[in-house]
Every structure is written in C-alpha cells, then in structure tokens.
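Enquirer: Order-wise, the sequence lines are chains C and R. Okay, so the first sequence: first residue is 910 according to my numbering, each after it adds one. Okay, so the second sequence: first residue is 23 according to my numbering, each after it adds one.
Don't take each hint at face value.
Here are the simulated DSS-like cross-link-like pairs (lysine-lysine), alpha carbons at most 30 Å apart as the crow flies [said to hold, decoys possible]:
1. Lys241(R) to Lys1192(C)
2. Lys84(R) to Lys172(R)
3. Lys1148(C) to Lys1057(C)
4. Lys84(R) to Lys95(R)
5. Lys1148(C) to Lys64(R)
6. Lys306(R) to Lys1091(C)
7. Lys1192(C) to Lys203(R)
8. Lys122(R) to Lys935(C)
9. Lys1091(C) to Lys1031(C)
10. Lys122(R) to Lys1121(C)
11. Lys271(R) to Lys1148(C)
12. Lys64(R) to Lys271(R)
13. Lys120(R) to Lys1192(C)
14. Lys935(C) to Lys118(R)
15. Lys64(R) to Lys1057(C)
16. Lys120(R) to Lys935(C)
17. Lys218(R) to Lys935(C)
18. Lys172(R) to Lys271(R)
19. Lys935(C) to Lys203(R)
20. Lys218(R) to Lys203(R)
Stretch by stretch, here's where chain R covers chain C in the computed footprint (C-beta under 8 Å, at least three residues) [said to hold, decoys possible]:
21. 1041 to 1050
22. 1158 to 1167
23. 1170 to 1179
Derived CB-CB ranges, DEER-like [unchecked claim]:
24. Ala222(R) to Leu1181(C): 40 to 50 Å
25. Lys203(R) to Lys1192(C): 22 to 32 Å
26. Val1167(C) to Ile42(R): 42 to 52 Å
27. Asn1034(C) to Leu298(R): 13 to 23 Å
28. Leu1002(C) to Pro230(R): 35 to 45 Å
29. Leu227(R) to Ser1092(C): 15 to 25 Å
No lab work stands behind these hints, which were simulated from the structure alone. Beta carbons: idealized from backbone N, C-alpha and C, even for Gly.
The primary structure of each chain is shown beneath.
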Amino acid sequence: MREWLIQSSSSKVKIARQEKSLKEGKVSWTVTILLVLFAILFIVGPLYITVVIALKEPSDMINVMALPKKIIWKNFFDAWRMTDYPRKFLNTLFITIGNLGFTLITNSLAAYAITRNRERSKFFNMLYFYFLSAMFIPFNVLMLPLVKQAYAFGIDNIVGITFLYIIFGLPMNTFLYSGYIKSIPIELEEASTIDGATPFQIYTQVIFPLLKPISGTVAILSFMWTWNDFLMPLIILSKPNQQTLQLSQYVFQGQFSVQYNLAFASYLLVLLPILVLYILFQKWIVAGIVSGAVKQ
Amino acid sequence: MNEKRGISIAYYLMTVPMAILFFIFHTFPFLQGVFYSFTDWKGYGAWNFVALRNYLHIFKDKDVITAYLFTFKFAFFATLLVNVFSLLLACGLNAKIKFKNSLKAVYFLPYMLGTLIIGFVFNFIFANVIPFWGQSLGIKALSINILGTKSAWYGILFVTVWQSLAFNTLIYLSGLQTVDKDVYEAADLDGAAGLKRFFAITFPLIAPFFTINAVLCVKGFLMAFDQIMAMTNGGPGMSTTTISVLIYKRGFQGAQFAYQSANAVILFLVVVSISLVQLKVLEKREANLK
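Same shape as in the complex, but just chain C (with noise of 0.2 Å):
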C-alpha cells in the first residue's frame, strides 16, 4: 500500500514534470545551431575580415582569411594621419551632439505645444498635418534646390548642417513625440495651471521629465542618422575641413586604391566608437529602435 503510495505520487510528479517541459518546450538545439552558424558565417565573418586586414602587411594578402603573421599597428596610425581622422572624428561629433541636443529641446517643445491644442485651434492642427504630410517628401527630392539655398545662406559647413538635421527630424519627431504626449494625462498640467504655472513652467517641471523614454528613443534615432549619414554631408558640406568621418571615407577611397590594408584600417576607424557605443548601451539601444519604429 505504502509502495504503491510512494510509485504513485512519483509517477505524479513525473507527470507533472512532462506537463511542465511541454509548457515551457525543449530547447530546440537545430535552430540554436542553425542560427550561431548564419551568424558566424554571415555577420561576424565579414567583421573578422575587417578586423584581420585591418591589422595586416600587403605581403601577407595572399591567403585574405588567414590570422595576420604580424600585427601591423601603424597601418592604423597611417589612416589617422592621412585621412586626418581626429578633425573629422570631432566634425561628426559636434554634429551629432549638437543635434542631439536641439532635437531634443526644440521638437519635444512643438511637439507638446501642437498635440494639446490641436482639439480646440485649426492652426495648431494644421501644423500638425503639416509636419506629417512632409515626411513623404524624400530628401532626394529636395537636395538639388537645398544645395543652392545652403550655399547662398553660407550654411554649407558642419554649424550648418547641424541645423538642418534639427530641422528635418522635425516631421518624425513630432509625430513620435505627439503619439507619447497624448498618453499623459492632462489632469497634472491643469492642476499646474490653477497654482499659475505657465506653459514653459510646466513644460520644463512637468511634461520633460515624463518623456523620458520616447527621447531616449529620438535621442538614438538622430544619434544613428547623422553618425551614419552620409549623403547630406556629401552634397552640403565640401571643404575638406569640414568633412564627416562617413564623408571622408568616400572622399579618400581613391586614394586608398588598392592599399587595402590602410582602408580597413580607416574603417574599422570609423566603425569603432558605433560599435563600443552597441556592446555598452546595446538593450537600451534596440529597445528604443523598436518602440519608435511599432509607433510609426
């Protein structure tokens, strides 16, 4: 009786255990596997390319895959030097900083101003429909007057495209940023009004703080487009000392020609700081991406 006791609640927990496996499921080794040799093949294998010719001497070209047989730091110090990568490094930072920063600032500021009136002012609608019906225009489209009017403003150097940034994230913005603020009660800014509050008060006590998330969602979006951009520095910014990292690439890739070791140098130049920036803030980062981009 005891025995049959004892076999029967084992078997009961065996049961139950089989329940439990099948709910949660096997891990499913063929995909494991599958996807690590993808990832192998297709994403680290091309940056280990990079990386090895990166670090290698033209004699040892022959066999592109293999590990280099010395390690050649200078053909690092050699794109720094000829692509005068610490003016450019700093080019693309101001721009992309000073974007950053005024994005944030100036179209959290429209955005909030237009999503609370636009129930009760045409006007504030309209600009609403405005800044949305702009973003179907490419800026392919535009380029070629933009290029005319940026040399005739003297607007053609990286202060200038820094404000043109500003300007044309403003359509995506305010609609990522409109779609946020309406999710916050207006009860907090009323009560805020009745102790006298005025609108910038609450804007900069209240509203800021609280959007939080949505900019750090802008904050990497326009961290992403003007770190990698490199069509509107090509057509607005032309002076040499002017140039963005993604720029000069462009620029010295005929002179690099077939020194292919001192190119890949000067891109694994240009991709490290993106590629620390991933390994450190890399939850934040694809977390923010995919909250603006199911907003959309």
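For chain C, the structure is supplied; the task is to place chain R on it using the hints.
Expert: What follows is chain R alone, placed relative to chain C:
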C-alpha cells in the same frame, strides 16, 4: 474655463519659429524644385519657362527609364527577400533557443553600421575574397568579381538585404512576442502545426508588423543611394543606377538642374502613391483578417 481664455502665446512661441524654419529649409526647397522643373535652368546662368517640356522628355529618355526600371526591380526584390528572411530569422530567434540574447545582439549589429562602409567592405569581399574561393573550388560563376559584370545588382541586393534584415527582424520579433502562447496551445489541440499554423495563426496576428516593414522597406529601397555609390557607382554602364544616383550625378555634375528636378518631382509622386496604395491595401487586408 481654459478654452474660454484662449491659447497662451507661449504655445505659439514653442511652435511657430520651428515651423517657419521648417518652411524655409524644407518646404521652400521642395517648392523651388517643383518650380524649376518647369524651366530649363542648368543650375547657373539664365533660364526660361519651358512648361512641360522636361516631363515630356523624361518619358522618352532611355537613361531615366532604365534607372526607374532598375529601381523598381531592386526595390521589389529587396523588399521581398528582406521580409521573407527577417520573418524566418525572427521565428528562429523567438523559438526556444540557447544564447538568445547574444544571437539577437549579433543579428542586430548590421543596423548600427554605416551603409557606405559596409558597401566598401563587401566591395572588397566580392572583388577579392569570393573569387579567391571560387577559383580554388573550381566554381566558374564565383571566380570573377560580380560587381564588374551584368550581375552586379545581385551584389548590391545582397548587401542591402544583409543590412536591412537587422531592423526588420527586430520588428517581427517584437510582433511575435505579442502573440499569446495560449493561441498556440489551442492550435495544437486543433491539430494545426508547422507551416499551416504559421500561415493560419501566427502571420495574421503579426500582420500589422508586416505592414510597417513592407512600407518602410519599399520607401527606403526606392531611395537606395549609399550602397550603390560605395559598390558600383551606378555601373557597369548604367546597370545599377537608381533614380537617386541619377538625380545626384546628373543634377550636380551634369548641368541638368531643371531636368533632374522634374525627375525628382516624378520620384516624389511615385513614392507617395506607392506608399498610399500600400497602406490602403495592407490595412484593408489586416481588417479582413480580424
């Protein structure tokens, strides 16, 4: 009470300056482009009104038509491949697997890297690494640099898909995570499994994410520029010249400012109509599925 008082001037201060700047630097160049498309301006010197001459000429211009056909072909196949592969990848990453977070991080990495540099890196791989393998394995098709041949566009397609997979996979993955596990259990009881389960249950549930991806893909790929400048510069011949590349090259270097402005206006109309049709069709289908 608030409404009676009207709208505080502060709100106007928050928006109006930005709106004016936006008009000056975004809308005004756009309108200027439309205006010049009816002229014969070279980008310098005097100009005359020519009414619709630029537009009429575009429809007979072999180079422009070639560029449009290539751009459409490219955008179609890139959108198709990106969506198929990213859906597959997302399903894989959503399954019960080991190293889930690391794999996700690796597959998303291409999104972070500049398209231009990715183009340069693959340029080298197509020119030196793949022919090297092709020769040593004795495969004729792989032993030459495809970027120099008629098949150059496969190379560009590959790089574009390679990079775009990252973002689209992420969107599909976040879509798959919204699907309730209980739905699958119910499906299991009904005997739906594998592909049937995917098309009958999973796909309709993540249809909105398909809409996002399809619209963003088409819009992005119709504008393809960076990877082409990095890999083929539009060649060999004109075979990989997209409309964006054509507008850039001829508009800035070919003294065709007005003519390429007309081309840009047509591109704008094409993009708007494709996006609108796509949104309508896809939204309708989504609604029917519900």
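Enquirer: Next, verify each hint and record whether it holds.
Expert: Going down the list of hints, with the structure as the test:
no.: 1; hint: Lys241(R) to Lys1192(C); verdict: holds, 27 Å
no.: 2; hint: Lys84(R) to Lys172(R); verdict: holds, 18 Å
no.: 3; hint: Lys1148(C) to Lys1057(C); verdict: holds, 15 Å
no.: 4; hint: Lys84(R) to Lys95(R); verdict: holds, 16 Å
no.: 5; hint: Lys1148(C) to Lys64(R); verdict: holds, 23 Å
no.: 6; hint: Lys306(R) to Lys1091(C); verdict: holds, 26 Å
no.: 7; hint: Lys1192(C) to Lys203(R); verdict: holds, 24 Å
no.: 8; hint: Lys122(R) to Lys935(C); verdict: holds, 14 Å
no.: 9; hint: Lys1091(C) to Lys1031(C); verdict: holds, 18 Å
no.: 10; hint: Lys122(R) to Lys1121(C); verdict: holds, 28 Å
no.: 11; hint: Lys271(R) to Lys1148(C); verdict: holds, 19 Å
no.: 12; hint: Lys64(R) to Lys271(R); verdict: holds, 13 Å
no.: 13; hint: Lys120(R) to Lys1192(C); verdict: holds, 18 Å
no.: 14; hint: Lys935(C) to Lys118(R); verdict: holds, 7 Å
no.: 15; hint: Lys64(R) to Lys1057(C); verdict: holds, 12 Å
no.: 16; hint: Lys120(R) to Lys935(C); verdict: holds, 10 Å
no.: 17; hint: Lys218(R) to Lys935(C); verdict: holds, 21 Å
no.: 18; hint: Lys172(R) to Lys271(R); verdict: holds, 21 Å
no.: 19; hint: Lys935(C) to Lys203(R); verdict: holds, 15 Å
no.: 20; hint: Lys218(R) to Lys203(R); verdict: holds, 17 Å
no.: 21; hint: 1041 to 1050; verdict: holds (count 7)
no.: 22; hint: 1158 to 1167; verdict: holds (count 3)
no.: 23; hint: 1170 to 1179; verdict: holds (count 4)
no.: 24; hint: Ala222(R) to Leu1181(C): 40 to 50 Å; verdict: holds, 47 Å
no.: 25; hint: Lys203(R) to Lys1192(C): 22 to 32 Å; verdict: holds, 23 Å
no.: 26; hint: Val1167(C) to Ile42(R): 42 to 52 Å; verdict: holds, 51 Å
no.: 27; hint: Asn1034(C) to Leu298(R): 13 to 23 Å; verdict: holds, 21 Å
no.: 28; hint: Leu1002(C) to Pro230(R): 35 to 45 Å; verdict: holds, 38 Å
no.: 29; hint: Leu227(R) to Ser1092(C): 15 to 25 Å; verdict: holds, 24 Å
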